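Each protein sequence line maps, in turn, to chains A and B.
Positions 1 to 114 (our numbering) are the ones given, in order, by the first sequence.
Positions 115 to 226 (our numbering) are the ones given, in order, by the second sequence.
Just to be clear, a hint being listed does not mean it is correct.
Selected chain A positions facing chain B (in silico; Cβ < 7 Å) [claimed, not checked]:
no., residue
1, Arg-37
2, Pro-40
3, Phe-46
4, Gly-95
Straight-line distance between alpha carbons at most 27 Å, and here's what the computed BS3-like set of lysine-lysine pairs gives [what the hints assert, rightly or not]:
no., chain 1, residue 1, chain 2, residue 2
5, A, Lys-71, A, Lys-55
6, A, Lys-101, A, Lys-17
7, B, Lys-125, B, Lys-171
8, B, Lys-184, A, Lys-101
9, A, Lys-17, A, Lys-63
10, B, Lys-171, A, Lys-101
11, A, Lys-101, A, Lys-57
12, A, Lys-3, B, Lys-125
13, A, Lys-71, A, Lys-59
Since the hints were made in silico from the structure, they are not lab data.
Values in this document were obtained by computation on a predicted structure and should not be read as measured data.
All C-beta atoms, glycine included, are put in the ideal place defined by N, C-alpha and C.
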Amino acid sequence: SQKIEQNSEALNIQEGKTATLTCNYTNYSPAYLQWYRQDPGRGPVFLLLIRENEKEKRKERLKVTFDTTLKQSLFHITASQPADSATYLCALGGGNTGFQKLVFGTGTRLLVSP
Amino acid sequence: DAGITQSPRYKITETGRQVTLMCHQTWSHSYMFWYRQDLGHGLRLIYYSAAADITDKGEVPDGYVVSRSKTENFPLTLESATRSQTSVYFCASRQGGSGELFFGEGSRLTVL
Chain A
1 SQKIEQNSEA
11 LNIQEGKTAT
21 LTCNYTNYSP
31 AYLQWYRQDP
41 GRGPVFLLLI
51 RENEKEKRKE
61 RLKVTFDTTL
71 KQSLFHITAS
81 QPADSATYLC
91 ALGGGNTGFQ
101 KLVFGTGTRL
111 LVSP
Chain B
115 DAGITQSPRY
125 KITETGRQVT
135 LMCHQTWSHS
145 YMFWYRQDLG
155 HGLRLIYYSA
165 AADITDKGEV
175 PDGYVVSRSK
185 TENFPLTLES
195 ATRSQTSVYF
205 CASRQGGSGE
215 LFFGEGSRLT
225 VL
C-alpha cells in the first residue's frame, strides 16, 4: 500500500541547534515534494518545493534534500528558534500521485526550547 | 482582503442535517481543493477542481458534494452529516497543476 511516514513523536530541540525532520514514502513515485508549516488552529503554509531531479534546495535557514532512491526527504532548520515551533508536513505531488493532487504525511511537531 | 477565505470557521450540527462549507479565493487560481484533517490521518483530499465546472474525486469523497460554477468559489456540501464527518476542513487553491497550495484557515465541523 502507499504510505507517507513522518515521525509522529514530537521533536524537542534547544534553540540554536539544527532540527532535522524526516519524510519517508513507499509505493509512490512523486515528481516533486513539498514541505509546509502548520501552526495550531491555522492552515498549512508552504515552505519549499523540491523536484525529483534536484538533490537539495535551500531557503534562508531551511534546507530540503530529496533522495528518490531511498524514497526519503530530509528537512533541516538551522539555528532553530522558539518561533520555529510548529508542525511540519511533507507532501508528494505528480508522478503516480496524480498530476494535480498533493498527498500529505501526518506531520511532525517540532518544539524549540529557549 | 485578498486571499482565500472559508466560512463558517466553526459549525456544530446534528446527524442527518445538510451542511455547506464555503470557500472563496480572490486570486483567480484555476485549481481548488478540499481536504479534511483528522488526528492520525493528516490531510486527506476530498474533492478538487481544475477549473469552473470541472471537479474530480479525491481520496475520501463519499458523503460529500462539490460544485464550481464560478472560478472563485468552491463550496463543499455534506448532504446528510454523519458523526464520522466531524473534522477540520481546509480549502486550498493554486494557479497551476503543481506548485504551492494556499490554504484557508479551516472550518471546524462537529456533528452530534
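To see whether the hints hold, each was checked on the structure:
1. For A:Arg-37, the shortest C-beta to C-beta distance to chain B is roughly 11 Å, which exceeds 7 Å, and the interface hint is violated.
2. Because the closest C-beta pair between A:Pro-40 and chain B is about 11 Å apart, greater than 7 Å, the hint is violated.
3. The restraint placing A:Phe-46 at the interface with chain B holds, with a minimum CB-CB distance near 4 Å, inside the 7 Å limit.
4. The interface hint given for A:Gly-95 is violated, since its Cβ lies 11 Å from the closest Cβ of chain B, which is over the 7 Å cut-off.
5. Restraint check for A:Lys-71 and A:Lys-55: the C-alpha separation of about 12 Å stays at or below 27 Å, so the hint holds.
6. Proposed proximity of A:Lys-101 and A:Lys-17 is contradicted: the alpha carbons are some 34 Å apart, above 27 Å.
7. Between B:Lys-125 and B:Lys-171 the CA atoms are separated by roughly 24 Å; this keeps the pair inside 27 Å, and the hint holds.
8. Distance hint between B:Lys-184 and A:Lys-101 is fulfilled; the C-alpha atoms sit about 21 Å from each other, no more than 27 Å.
9. Between A:Lys-17 and A:Lys-63, the direct Cα distance comes to roughly 14 Å. Compliance with the 27 Å bound is thereby established for this hinted pair.
10. With a C-alpha separation of about 10 Å, the suggested pairing of B:Lys-171 with A:Lys-101 holds against the 27 Å cut-off.
11. About 22 Å separates the Cα atoms of A:Lys-101 and A:Lys-57, which keeps this hinted pair within 27 Å; it holds.
12. Between A:Lys-3 and B:Lys-125 the alpha-carbon distance is near 31 Å, which puts this suggested pair outside the 27 Å criterion.
13. For the suggested pair A:Lys-71 and A:Lys-59, the alpha carbons sit about 22 Å apart, so the restraint of at most 27 Å is met.
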